[in-house]
Every structure is written in C-alpha cells, then in structure tokens.
Amino acid sequence: MIIDGSRLVVTDNSGAKEVECIKTRGRYASIGDIITCSVKKAVRGKVTQGQVVKAVIVETKKEVQRKDGSVIKFDRNSAVLVNPKGIPIGTRVLGFVTHELRARQMMKVLSLAARVF
Amino acid sequence: MLVPLETGPTVARLSAAWQPAGTSLFEGLVECATMVLKTQTCRFSGLRIYPGRGVLYIRVDGQQFLFLKQKCRSLFIQRKRPAKLAWTTLYRKQHRKDLEAQVARKKRRNVTRSATRSVAGTSLEIIAKKKAEKPEARKASREAALREIKERSKKQKTDKAQQKLQAKAAGGKAVKNMPKGGGKVNIR
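Line order of the protein sequences matches chains E and Y.
The numbering of the first sequence is the UniProt record's numbering, which starts it at 1 and goes up by one.
The numbering of the second sequence is the UniProt record's numbering, which starts it at 1 and goes up by one.
Derived by calculation from the structure, the hints in this document are not laboratory data.
Errors might be hidden in some of the hints.
[Unchecked claim] If you want the footprint, here are the derived chain E segments under chain Y, 3+ residues with CB under 8 angstroms:
#1 13–23
#2 48–55
[To be verified] Listing some non-contacts, in silico: residues in chain Y with all C-beta distances to chain E over 12 angstroms:
#3 G46
#4 L75
#5 R79
#6 K97
#7 P135
[To be verified] Non-contacting residues of chain Y with respect to chain E, defined by C-beta distances greater than 12 angstroms in every case (computed):
#8 M35
#9 V36
#10 R53
#11 R59
#12 D61
#13 L66
#14 R73
#15 E148
#16 K150
#17 E151
#18 A169
Ideal placement from N, C-alpha and C gives every residue a C-beta, glycine not left out.
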C-alpha cells in the first residue's frame with residue numbers, strides 16, 4: 001500500500017539506497033506495480049541522489065493476497081529500480097521477490113532474485 | 001464467495017458450515033467424495049492452518065513465519081514465548097498433556113524369534129545346542145569355567161612369588177646392571 005511520499009528501500013545494486021515514491025498509478029501501489037520515485041539516498045552507482053527513476057515494488061508491509069487464499073507480507077517496503085520497460089537498472093537483486101512479478105512480466109527481476117516467495 | 005482452490009490433487013470435506021446459502025455453484029460440490037487437505041502448522045501455536053487461512057510473514061533475514069491468525073502474530077511480535085501459553089501445542093507437549101495417545105503408540109512388542117540361520121561366529125548347530133541346553137547344565141559348565149580361571153590365577157600368583165624370591169637371592173650380582181637406587185653417582 002504505497003502512496004505518494006512513501007519511502008522504500010532499494011534492494012538492488014543500482015546505487016540508490018532509499019527512494020521516495022512521487023507517483024503511483026491509482027491511489028495505492030502494491031507488489032508488482034511500477035512507480036515513479038525520487039532517489040533520496042544513494043551511494044556510488046548508476047543513479048545519483050535527486051534523480052527521478054522508475055521502480056517496481058517487490059516487498060510491502062501490507063499483506064498481499066493470492067488466488068489460492070494465501071496471504072504474504074514482508075517486514076519492509078522495498079523496490080527495485082527499473083527502466084520504463086521493466087528491465088532492472090542494476091545487475092543484482094538482493095532482497096526477496098514474489099511470484100506476483102510473473103504476472104506483470106517482470107521476468108528479468110525474477111531471474112536476478114536470490115529468493116522468490 | 002468461496003474461491004476454488006488451484007492447488008493440486010487434494011480434496012476437501014465441505015462441511016455444512018462452509019457453504020453459502022442458496023448458491024447453485026456449490027450444490028454440485030456437496031455431493032463430492034471426501035478429500036484430503038494439506039494443512040500447514042502455525043509457527044507460534046502449532047495449530048493446523050487450512051487453505052485460505054493464515055498469513056505468511058517474511059522477515060528481512062529471510063525467515064518465514066506462518067501464523068494461523070492475528071492473535072498468534074501479535075503475540076509473536078510482542079515476543080511472548082508459546083511455551084508459556086497454555087493453549088499452544090508447545091506448552092501442551094512440554095507439560096505432557098496428551099501423553100496417553102503418545103504412550104500407546106510407542107509401546108513396542110518384544111518379539112522373540114527362533115534362530116533359523118547361522119550367524120558369523122557360530123553355526124546353526126551350536127546355536128541349537130545352546131538353546132536346548134538345560135539351565136542346570138549351563139550353570140554347572142559356568143561354574144567349572146570359573147573354577148578353572150581361579151586356579152589359573154592362583155598358579156600365576158605362586159609362580160610370580162617364586163620368581164621374586166629367586167631374584168632376591170641373585171640380588172647382589174644384578175646391582176651393576178640394574179641400579180635400583182635411582183642413579184646415585186659414585187664420586188670416588
């Protein structure tokens with residue numbers, strides 16, 4: 001349940017560490033949605049602080065329901081920076097991702113992830 | 001509205017409480033044969049979680065916690081120990097509450113089987129002979145063996161005593177070769 005102003009942890013090696021959501025499609029954004037964000041904290045990498053980037057949400061504290069009735073939730077809100085096509089900017093995805101990305105055609109992010117829930 | 005399960009080859013017993021009233025979709029399913037559901041267990045309480053219930057909570061370190069309901073999750077976040085809450089399976093196990101069923105299962109039957117094959121070390125005939133031996137005969141043979149051992153040890157003792165006497169008698173000759181005094185240096 002990410003809205004404009006939510007801060008997300010970036011779980012890839014693009015250089016950004018924390019990102020603030022500035023635009024969601026609709027009112028709330030959840031796992032699998034692509035949001036526009038501004039980089040709030042960055043280390044040496046492909047992006048710099050202040051840059052406006054797109055990111056796909058991979059973990060949310062708000063539960064995500066699935067068709068089989070199971071519910072999954074994480075400990076933090078995190079995102080992976082992508083280009084408008086959905087291909088990640090970084091080369092590694094360090095956090096967790098879920099199968100929801102499969103339905104959104106985020107295959108590259110899924111393949112880079114260490115653990116898929 | 002109940003959602004049909006996508007999970008595979010399992011069947012569920014749809015009890016009357018599950019069916020929403022008056023939906024034709026489920027009248028057909030009621031006639032269904034009994035199925036076997038795959039349930040998971042709550043990480044906190046140990047109770048069974050049926051499909052469609054429970055929440056999977058994934059921590060940052062990657063550990064997964066499956067909770068049956070908000071009660072379990074809340075207590076977990078408060079860092080309560082399930083072993084201290086009387087309604088959890090962990091408590092019941094620790095306080096041995098459901099012991100009768102466990103004990104009944106664990107009773108083993110000691111089955112004595114007659115020897116049918118020879119074993120490494122003895123052949124079948126020897127085993128059969130030992131089995132057919134009478135207890136008195138066994139006792140007698142055992143006593144005989146013990147007596148033999150006693151006599152042998154006695155003999156060894158007497159032999160040793162004799163050897164010691166002989167050594168003492170020849171003691172003066174042996175000093176040069178075996179200084180018993182612990183290496184006293186003779187300064188002369």
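Verification of the supplied hints:
| no. | hint | verdict |
| --- | --- | --- |
| 1 | 13–23 | violated (count 0) |
| 2 | 48–55 | violated (count 0) |
| 3 | G46 | holds, 19 angstroms |
| 4 | L75 | holds, 17 angstroms |
| 5 | R79 | holds, 15 angstroms |
| 6 | K97 | holds, 31 angstroms |
| 7 | P135 | holds, 68 angstroms |
| 8 | M35 | holds, 15 angstroms |
| 9 | V36 | holds, 17 angstroms |
| 10 | R53 | violated, 7 angstroms |
| 11 | R59 | violated, 5 angstroms |
| 12 | D61 | violated, 9 angstroms |
| 13 | L66 | violated, 9 angstroms |
| 14 | R73 | violated, 9 angstroms |
| 15 | E148 | holds, 72 angstroms |
| 16 | K150 | holds, 73 angstroms |
| 17 | E151 | holds, 76 angstroms |
| 18 | A169 | holds, 87 angstroms |
Going through the hint list in order, the structure does not satisfy hints 1, 2, 10, 11, 12, 13 and 14.
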